[in-house]
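Residue numbers (our numbering), protein chains in the order written: chain P, 1 to 313; chain E, 314 to 612; chain S, 613 to 952.
I should point out that these hints are in silico values taken from the structure, not numbers from a laboratory. Just so you know, even glycine gets a beta-carbon here, dropped at the ideal spot from N, CA and C. Honestly, I wouldn't trust all of these hints.
[Stated by the list, open to error] In silico EDC-like pairs for lysine to aspartate or glutamate, Cα to Cα no more than 20 Å straight-line:
| # | chain 1 | residue 1 | chain 2 | residue 2 |
| --- | --- | --- | --- | --- |
| 1 | S | Lys-816 | S | Asp-838 |
| 2 | P | Lys-130 | P | Glu-59 |
| 3 | P | Lys-233 | P | Glu-207 |
| 4 | S | Lys-681 | S | Asp-648 |
| 5 | P | Lys-45 | P | Glu-59 |
| 6 | S | Lys-681 | E | Glu-508 |
| 7 | S | Lys-741 | S | Glu-787 |
| 8 | S | Lys-681 | E | Asp-505 |
| 9 | S | Lys-816 | S | Glu-787 |
| 10 | P | Lys-130 | E | Glu-399 |
| 11 | S | Lys-681 | S | Glu-623 |
| 12 | P | Lys-130 | E | Asp-505 |
[Stated by the list, open to error] Stretch-level coverage of chain S by chain E, calculated; a stretch enters the list once three of its residues show a Cβ under 8 Å from a Cβ in chain E:
| # | segment |
| --- | --- |
| 13 | 625 to 631 |
| 14 | 706 to 714 |
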Amino acid sequence: MWAFTLRRLLYAVPVLLGVSMLVFALIHLAPGDVVDILVPPEVPKAIADSLRQRFRLDEPLYMQYLAWLGRLLVGDFGVSFFTGRPVAEELSGALGNTLVLALPAAGVGFLLGVVLGALAAYNHDTWLDKLFSATAIVGVSLPHYWVGIVLVAVFAVVLNVLPAQGMGFEGLPTSWEHVQHLILPVVTLSLIPMGVISRLVRANVLEILSQEFVGTLRAKGLFNRRVLYHTLKNALPSTLALMGLQFGYLLGGSILVETVFNWPGSGGLMNLAIFRRDVPVLSATIVVLATIFVVINILVDVLQALIDPRMRR
Amino acid sequence: MADVAVPSTDAATALKRAQQGKGYWRRVWERLREDKVTLAVIGVLAMLLVMVVFAPWFTIHDPYTGSVLRRLKPVGTPGHWLGTDEVGRDLWSRMVYGGRLSLLAGVVPVFLALLIGGFLGILAGYAGGLLNSAVMRLTDVLYAFPSILLAIAITGILGAGLQNTILALTISFIPPIIRISESVTTQVRNLDFVEAARASGARRLTIMRYHILNNVLGPILVYATSLISICIILAAGLSFLGLGVTPPSAEWGLMLNNLRQGIWASPLVAALPGVMIFVTSMCFNLMSDGLRQAMDVRL
Amino acid sequence: MPRPSALLAVEHLTKHFALKGGLFGRTSALVQAVDDVSFTVERGETLGIVGESGCGKSTTARLLMHLIKPDRGSIAFEGQTVGAAEGLSHRQLHRQMQMVFQDSYASLNPRLPVAMSIAFGPLVHGLAKAHALARAMELLAAVGLDPALFANRYPHELSGGQRQRINVARALALEPRIVILDEAVSALDKSVEAQVLNLLADLKARFDLTYVFISHDLNVVRYISDRVMVMYLGKIVEIGPADRVYGDPQHPYTRALLSAMPSMDPRRRTRQAPLSGDPPNPIRPPSGCRFRTRCPLAEKVCETTPPALLALAPDGARRVACHVHVPGSGHTRAAARGAA
Numbered sequence: 001m002w003a004f005t006l007r008r009l010l011y012a013v014p015v016l017l018g019v020s021m022l023v024f025a026l027i028h029l030a031p032g033d034v035v036d037i038l039v040p041p042e043v044p045k046a047i048a049d050s051l052r053q054r055f056r057l058d059e060p061l062y063m064q065y066l067a068w069l070g071r072l073l074v075g076d077f078g079v080s081f082f083t084g085r086p087v088a089e090e091l092s093g094a095l096g097n098t099l100v101l102a103l104p105a106a107g108v109g110f111l112l113g114v115v116l117g118a119l120a121a122y123n124h125d126t127w128l129d130k131l132f133s134a135t136a137i138v139g140v141s142l143p144h145y146w147v148g149i150v151l152v153a154v155f156a157v158v159l160n161v162l163p164a165q166g167m168g169f170e171g172l173p174t175s176w177e178h179v180q181h182l183i184l185p186v187v188t189l190s191l192i193p194m195g196v197i198s199r200l201v202r203a204n205v206l207e208i209l210s211q212e213f214v215g216t217l218r219a220k221g222l223f224n225r226r227v228l229y230h231t232l233k234n235a236l237p238s239t240l241a242l243m244g245l246q247f248g249y250l251l252g253g254s255i256l257v258e259t260v261f262n263w264p265g266s267g268g269l270m271n272l273a274i275f276r277r278d279v280p281v282l283s284a285t286i287v288v289l290a291t292i293f294v295v296i297n298i299l300v301d302v303l304q305a306l307i308d309p310r311m312r313r
Numbered sequence: 314m315a316d317v318a319v320p321s322t323d324a325a326t327a328l329k330r331a332q333q334g335k336g337y338w339r340r341v342w343e344r345l346r347e348d349k350v351t352l353a354v355i356g357v358l359a360m361l362l363v364m365v366v367f368a369p370w371f372t373i374h375d376p377y378t379g380s381v382l383r384r385l386k387p388v389g390t391p392g393h394w395l396g397t398d399e400v401g402r403d404l405w406s407r408m409v410y411g412g413r414l415s416l417l418a419g420v421v422p423v424f425l426a427l428l429i430g431g432f433l434g435i436l437a438g439y440a441g442g443l444l445n446s447a448v449m450r451l452t453d454v455l456y457a458f459p460s461i462l463l464a465i466a467i468t469g470i471l472g473a474g475l476q477n478t479i480l481a482l483t484i485s486f487i488p489p490i491i492r493i494s495e496s497v498t499t500q501v502r503n504l505d506f507v508e509a510a511r512a513s514g515a516r517r518l519t520i521m522r523y524h525i526l527n528n529v530l531g532p533i534l535v536y537a538t539s540l541i542s543i544c545i546i547l548a549a550g551l552s553f554l555g556l557g558v559t560p561p562s563a564e565w566g567l568m569l570n571n572l573r574q575g576i577w578a579s580p581l582v583a584a585l586p587g588v589m590i591f592v593t594s595m596c597f598n599l600m601s602d603g604l605r606q607a608m609d610v611r612l
Numbered sequence: 613m614p615r616p617s618a619l620l621a622v623e624h625l626t627k628h629f630a631l632k633g634g635l636f637g638r639t640s641a642l643v644q645a646v647d648d649v650s651f652t653v654e655r656g657e658t659l660g661i662v663g664e665s666g667c668g669k670s671t672t673a674r675l676l677m678h679l680i681k682p683d684r685g686s687i688a689f690e691g692q693t694v695g696a697a698e699g700l701s702h703r704q705l706h707r708q709m710q711m712v713f714q715d716s717y718a719s720l721n722p723r724l725p726v727a728m729s730i731a732f733g734p735l736v737h738g739l740a741k742a743h744a745l746a747r748a749m750e751l752l753a754a755v756g757l758d759p760a761l762f763a764n765r766y767p768h769e770l771s772g773g774q775r776q777r778i779n780v781a782r783a784l785a786l787e788p789r790i791v792i793l794d795e796a797v798s799a800l801d802k803s804v805e806a807q808v809l810n811l812l813a814d815l816k817a818r819f820d821l822t823y824v825f826i827s828h829d830l831n832v833v834r835y836i837s838d839r840v841m842v843m844y845l846g847k848i849v850e851i852g853p854a855d856r857v858y859g860d861p862q863h864p865y866t867r868a869l870l871s872a873m874p875s876m877d878p879r880r881r882t883r884q885a886p887l888s889g890d891p892p893n894p895i896r897p898p899s900g901c902r903f904r905t906r907c908p909l910a911e912k913v914c915e916t917t918p919p920a921l922l923a924l925a926p927d928g929a930r931r932v933a934c935h936v937h938v939p940g941s942g943h944t945r946a947a948a949r950g951a952a
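Throw the hints in and build the complete structure from the sequences for me.
Right under this line is the structure:
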């Protein structure tokens, strides 16, 4: 088991290195370089060049890469071009805000997903199940950022019961007003995980229900609660794995929803950075989010291997 | 055992039919013909394609000229049956013309990813060993990014525009296609009939041609078509963020973003482009499902 | 020295599979699937190979067909070594020897009409497509399936028995001399099995074939085989004419195997389990004679020295790998050296 975990961790190292190289390569493929962004074009070449020297841009690429990587590893993400503040500071604040959104969204999405999926599977072949399948297809085809806009249109503009955008608080919500700001974004964000999880749960539960041992339990008259327990236990491993992945997506892919609701999370930060061509912020955010995703993937793998020994290769 | 009607009982005709070897795809086509839902969906998509390609024929107004006086007119305004956008351009025209870019950015990346990823994946799955490891490890690096993030990384850093959008989305979709191609090919490669083919003394390329490809391309194709619906949503999403198509081009995601400012004045109009994204995406989804069912040999 | 009438001569065939494990996927153990196996297949006979699961029968089949590369050993077809420069190439061997697999469904490409599956072999070896398909139609008729009805069907539209007939047709398409049947009838219903066995007997006579029939079903093997080879844990323990091996088994394992066969005869009752314990691990087989841990006659010499497969009589028709039958081996039941 430990061998497996160790192998998995070791294995993540080249992946993360690859990630950093990719981001670095992208930065350097971008038209123009750092100095072009920082200084206006009228500046004489001599000054621009000396700036380049200061930023060590005249050094060979691999050296720049190693230097950049070295700084990343100690947590020095550089300083924002725009605000002048250390990126690490801005990023950690933004990540916190995203978590405030992602955790409830995950909770709602997973819970409803499991319930809906199980219900659909139990009532297989009834109108409930057909409704579910139809909803599932619709759900997968909906752009969730559009749903967010529609929700804003309905609840904020037309009905005027919820705020249209913004976070409205710092840190954690402490009042109903704060929570009001949370409702629409959380609902929007929870849609995709809910859809994905409910489909998986339904498929898993269906498969288990059709297995023979369920027939045995039923014949013994032990139906309902015991069966439910056994069913869930068997469906657990792959469901948990998917939940982990979805949480990773929530963290890394929240940018669209955060843009719709002007939420100051990591996604919103990225958005601003793109707009302002704030390369340090953008690159650091991407690297950090990718790293978090990789870590979550590792955790999911290890968890799966823990529950289901067959997974350990 | 399915009851397959063989039109003739003559051995010679059977031989001739065997030589033509059209059997499998004909059955797929026959099955598709029976699937009313999928046919309807394909019809809708075809209609959309026609409208989008021949846009000037279906619209009255120029999608680029607007008048500030006519900003944000609601649905049902005479002359602008879907209203106008925040700069006064006719929304219907914008939507139809916008379909060009949205569909382009939605379909082309998946097609390219299918070519590149499919080739790499099948190769890796069939060859095994070192080549397989190399390809899969490379895929893993790309997989470290949630798909949006990768697309954003590329367009955010390299710049917006249609070309970069297509590039970014293609790269985002190559990993899942490689993964499924490799997985399916490895499975097929280990099946008994492939071993039997090797036992006939066939060379690897021959086995690939007769036994691997025809079993592998089907699932890969079906998976790829299911990706189109996601690509459309992502492409529009990128434009929504300002990373995709640039103004003043018409594109559904971009329109969605621009119209947000006007949501207080005209909420219905602001939501309309999203409807197009949704409908198109759902059509592709249903089509892909129908295709999958038609291609399932066992049904 | 392979006898002149031997069609196939196998010498010292060995295959060990490496098991990977541990932190870096190092080879942690070896599965000794087939170990130093030597036998011949005579022209025109049916050689049956029997043994429990895991004894190496299927691996042997795949080694013969060169689907797996042997670690050691050689195969000679009609005196010519396979794979050697002056001998037969593997491709040429495939024209002489074909195989029918156990899983009738998995053996056929689900996306090819069965006629194409049959025609594939000849196609690969250079026959034009039209001719290959024509040959396929002939073979369909030969195995009892009407070409007009079956040529364009897909495997999932056929029953197990029909599919296995297709597999036989496919094996015959290259006009081989030897056909290896690896548990070819094991997955079929009994009545269908009988039909296919009769078909096989017919085809053998018609096309002058030689069969290697692998099965764990002792009754079937007895019915169809001329000679029988008994394998245990990767080694041959006994080989000889079928009726002699069945009627008067010499190796303790063969005896145990045969006495475990369920019988319809109420007088033959099994009073005591003939074999004790589970088959040991092919990864670490017992030293010396591999059967010794379950053998009622095991002694010290069985632990130290692996018994060689030696002839019981000068004509070499029957061979047994057991110290009991080797004069002077040191086994208490063995005759003294020099005794007849």
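We went through each hint and held it up to the structure:
Annotation: proposed proximity of S/Lys-816 to S/Asp-838 holds, straight-line Cα distance about 13 Å (limit 20 Å). Between the alpha carbons of P/Lys-130 and P/Glu-59 the distance comes to roughly 63 Å, so the proposed pair goes past 20 Å and is violated. Of the supplied pair hints, the one linking P/Lys-233 and P/Glu-207 holds, its CA atoms being roughly 13 Å apart against a limit of 20 Å. The hinted pair formed by S/Lys-681 and S/Asp-648 meets the criterion: a straight-line CA distance of about 14 Å does not exceed 20 Å.
At most 20 Å may separate the alpha-carbon atoms for a hinted pair to count; P/Lys-45 and P/Glu-59 meet this at roughly 18 Å. Between S/Lys-681 and E/Glu-508, the direct Cα distance comes to roughly 14 Å. Compliance with the 20 Å bound is thereby established for this hinted pair. A C-alpha spacing of about 17 Å is found between S/Lys-741 and S/Glu-787, which places the hinted pair at or below 20 Å, so the restraint holds. A hinted pair counts as satisfied when its Cα atoms are at most 20 Å apart, and S/Lys-681 with E/Asp-505 qualifies at roughly 17 Å.
Of the pairs offered as hints, the one joining S/Lys-816 and S/Glu-787 holds, with about 12 Å between alpha carbons and a cut-off of 20 Å not exceeded. Straight-line distance between C-alpha atoms of P/Lys-130 and E/Glu-399 comes to about 40 Å, which puts the hinted pair past the 20 Å bound. Restraint check for S/Lys-681 and S/Glu-623: the C-alpha separation of about 14 Å stays at or below 20 Å, so the hint holds. Restraint check for P/Lys-130 and E/Asp-505: the C-alpha separation of about 38 Å exceeds 20 Å, so the hint is violated.
Residues of the segment 625 to 631 of chain S with a Cβ under 8 Å from some Cβ of chain E number 0, which does not satisfy the need for three, so the listed coverage is violated. Counting residues of the segment 706 to 714 of chain S whose beta carbon lies closer than 8 Å to any beta carbon of chain E gives 5, which reaches the threshold of three, so the coverage claim holds.
Hint compliance for this structure: hints 2, 10, 12 and 13 are broken, all remaining hints hold.
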